[in-house]
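Chain B: place on chain A using the hints.
The listed protein sequences derive, respectively, from chains A and B.
With the numbering used here as the guide, the letters of the first sequence map in order to residues 1 to 246.
With the numbering used here as the guide, the letters of the second sequence map in order to residues 1 to 471.
Just to be clear, a hint being listed does not mean it is correct.
Stated by the list, open to error - Facing chain B, according to a computed beta carbon distance under 10 angstroms, are these residues of chain A, among others:
id	residue
1	Leu118
2	Ala133
3	Val184
Said to hold, decoys possible - According to the in silico footprint, chain A covers these stretches of chain B (three or more CB under 8 angstroms from chain A):
id	region
4	71-77
5	127-138
6	149-157
7	172-183
To be verified - Simulated restraints, written as ranges between beta carbons of each label pair:
id	chain 1	residue 1	chain 2	residue 2	range
8	B	Pro81	A	Gln124	44 to 52 angstroms
9	A	Phe107	B	Leu267	26 to 34 angstroms
10	A	Gly71	B	Val71	25 to 33 angstroms
11	B	Pro131	A	Ser14	31 to 39 angstroms
12	B	Phe23	A	Leu104	53 to 61 angstroms
13	B	Ser347	A	Leu230	30 to 38 angstroms
14	B	Pro257	A	Thr115	21 to 29 angstroms
15	B	Asp186	A	Thr115	14 to 22 angstroms
Read the hints as simulated data drawn from the structure, not as lab findings.
All residues carry an ideal CB built from backbone N, CA and C; glycine is no exception.
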Amino acid sequence: MISFLFGTDFWSSSTPLLLIGLLAGLAVLVWDWRISLPATLFVQLLIGQVAVQRGLIPDEWGRVFAWVVVGCLLILFLSAQQSAPVTTNGRVGTIMFRGLLLGLGGFLLNSVDLTNLLPLLDSQMTRTVLWLALCAIFGISTGEGALQNGLALLLWLIGAEIALLAVTPAAVVVVVLGAVFLLVALACAYLLLAENLALAENSPPITDVVFPADTPPQPPLNEKLVEWRLRLTDLVLRAQQGDNPR
Amino acid sequence: MILPFPLVLPFGLLLLALIAYLFRRMERIVSGLAGLITGVLALWLLGDASTEGVVQILGRLVQVDMQATIVRFDLTFHLTPTAVPFLGLTLLLTAAALLLNGLAGQGRSFPPFALALACGYCLLLLLTDAPINPLLLTPALLAVLTALGVYALQAGRLGGTLGPLRSLLPPLIAFPLFILASWHIDSLSINPQDTLAGVAAARFLGVGLLLLLAPVPLHSAGPALAENSPPIAVAFLLLLYQLACLTLLLRLTALFPFIGENFALSLWLTGAGLLTAVWGGVAAAGSSHPGRLWGYALLHDWGLILLMLAAPGNSGAALVIFLFGLRILSTLASAVGLANLRQAAGSLEPSPMRGIGRALPWSTSAYLLGGLGLAGFPLSAGFTGHWAALQTVAQTDWRVAAIVLIASGGIVVGFVRLIRILYDPRSLPTYNPEPLPNTLVALAAILVVSGAALSPQTFSGFVSWMMMAFG
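The following block holds chain A by itself, in its conformation from the complex (with noise of 0.2 angstroms):
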């Protein structure tokens, strides 16, 4: 059993592309950052195993990636527990009529000739790769927080991770891909604390762009002037008397 889940078979054959397919199904339709991160990260470390396999990308670049989506998901958990309760506004439809949408999606691009679509890819490829995309567009247009949007957009650069990794095998696309992972993840994790209202009066996070709330109103320089020269003639005043004041 385990030489089969580690070996070769088993990474050729469609049994992980369908178990990517329904994780990246559920990071989208449940909304409970429980399930979603965990689900986001298999989806890559399982797709990027399949990548490395079938000879699509390098193999230090699958571990790579892997870091880089663990990175990314980290900085979306840290907002996540800093930011509870978890928003749940603009929430579409119940779960079933959510996953019912999501399957008519899925039996439309599985009607659809795909064959040379994507560049590289296998057919079997290319299909999983579409329903990362369809799966992440899901997300993105029911979504209304960032960190549906955040991880709905890490499914959409998952995807295009392996697309691109296959057709354009540069260093400089790495780096560009992993940039973009990192900064899209900081940029949801930080309008994740910014969409909780609550938060501000509860406790602040300590961030330093910029919570909480808008910048508060600066007095006029000349009052600056004379508050600093106050502490400039304090800090003298004690320089003047040593460590020992009388």
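What follows is chain B alone, placed relative to chain A:
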């Protein structure tokens, strides 16, 4: 000491960004100073002195090697003559945004992020060679810059995250298509007879360009940003992004003529432009929120530019540049006015703004004049551009021109309704009088847009200069 220009410019801007971040608590002073430095840099670059590369810093003459080439990580950076106008325009926009931020603060995070973004856009313009065609790498770098822009757009506010979130979508969705197209273009260069590769590349590029340009229904970031985000930050980021997109489109269609042959880009642009212009007008007619109305006016104007991109030949490109030049003026003028109103009222919600026009007449006028300019209202900056564009469209199909004209009427209706709110005589004046510096800047904005309205021929130099940059 000889300094290479492709290193000096980005590092200089990054250094400024770092200093602006360190002194962020003195946001306005730092922003003003950074704006002055960036403005001087832009004028130096656009002037004759830059060709010799001699610059005086703190009394010392420093030689800058303008022809230097820097190669890092397989990326080649070099200043080409065609990049100079775009670099100058990018730096001038940055300087204007930073100087205006000095008057009406857009959030402590704005100056460092604006400078970092300017650095990123300059690097985009200086990039001349990469493992894949630099033009096809541009959308991926735009995605990076858009992700950085989120912080300036959110500006430390709580709530209202929809605009910054949606602004991420167009470049993120579009950029993989350009890299996929590069593979087909490489195949085409190996075998020029491979028609399938040409068709596939044209489709990827065409769809990618349409996504990047964010017409309706991908427009939703614009009005959402205009509703909640600081106006000057919105204007700055929107103009830089759209300038990059327009440049990319004009350069790609010139470099790869097969896009037009294998993908009906003109047809798609006409449809998308018309839909965008009409949606902007219709939505504006029903909007009474000053920020959202501004967003819809911007959308309508953008729709007209997209419509003009479909016009064939050099005259279409010249008109696009002319329209974009007028768009810069109208957008900045309305952003100045709106930023002052936001500062006085505390938010852009319409109810606290009732009667504000009587307390802040100059800022309100700048906002209205700039906003109406985006609709091509007579005696506003956008009038000549819109009129010329409508004439061009009418030569092909008068019905399209009539529809756009009716849509621009929707924006005028929206502004007329807003004027009744802003100058409501029944409300009690609760605002302090307009501060003198803000009055002066609003007045300057009014003079500039009025000047552009009265003598649009002053733009002919700008248009021919930019046309030369497109080759």
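Here is how each hint holds up against the structure:
Hint on leucine 118 of chain A holds. Least Cβ distance to chain B is approximately 7 angstroms, under the 10 angstroms limit. Residue-level restraint check for alanine 133 of chain A holds (minimum Cβ-Cβ distance to chain B is 9 angstroms; threshold 10 angstroms). The interface hint given for valine 184 of chain A is met, as the beta carbon of that residue sits about 5 angstroms from the closest beta carbon of chain B, less than 10 angstroms. Counting residues of the region 71-77 of chain B whose beta-carbon sits less than 8 angstroms from any beta-carbon of chain A gives 3, enough to reach three: the coverage restraint holds.
Counting residues of the region 127-138 of chain B whose beta carbon lies closer than 8 angstroms to any beta carbon of chain A gives 4, which meets the minimum of three for the stated coverage. Taking a C-beta to C-beta cut-off of 8 angstroms, the region 149-157 of chain B contributes 6 residues in contact with chain A, enough for the three needed, and the coverage statement holds. Residue count for the region 172-183 of chain B with a Cβ under 8 angstroms from a Cβ of chain A: 8. That meets the three needed, and the coverage hint holds. In this structure the supplied range 44 to 52 angstroms holds for proline 81 of chain B paired with glutamine 124 of chain A, their Cβ-Cβ distance being about 49 angstroms.
For phenylalanine 107 of chain A paired with leucine 267 of chain B, a C-beta distance near 30 angstroms keeps the hint of 26 to 34 angstroms intact. Checking the proposed 25 to 33 angstroms range against glycine 71 of chain A and valine 71 of chain B shows it holds: the Cβ atoms sit about 29 angstroms from each other. In this structure the hint that proline 131 of chain B and serine 14 of chain A lie 31 to 39 angstroms apart at CB holds, the actual value being about 33 angstroms. The beta-carbon spacing between phenylalanine 23 of chain B and leucine 104 of chain A, approximately 55 angstroms, falls within the hinted interval of 53 to 61 angstroms.
Range check, serine 347 of chain B to leucine 230 of chain A: about 35 angstroms between beta-carbon atoms, so the 30 to 38 angstroms window is met. Roughly 27 angstroms separates the CB atoms of proline 257 of chain B and threonine 115 of chain A, a value that falls within the hinted 21 to 29 angstroms. At about 20 angstroms, the CB distance of aspartate 186 of chain B to threonine 115 of chain A agrees with the hint of 14 to 22 angstroms.
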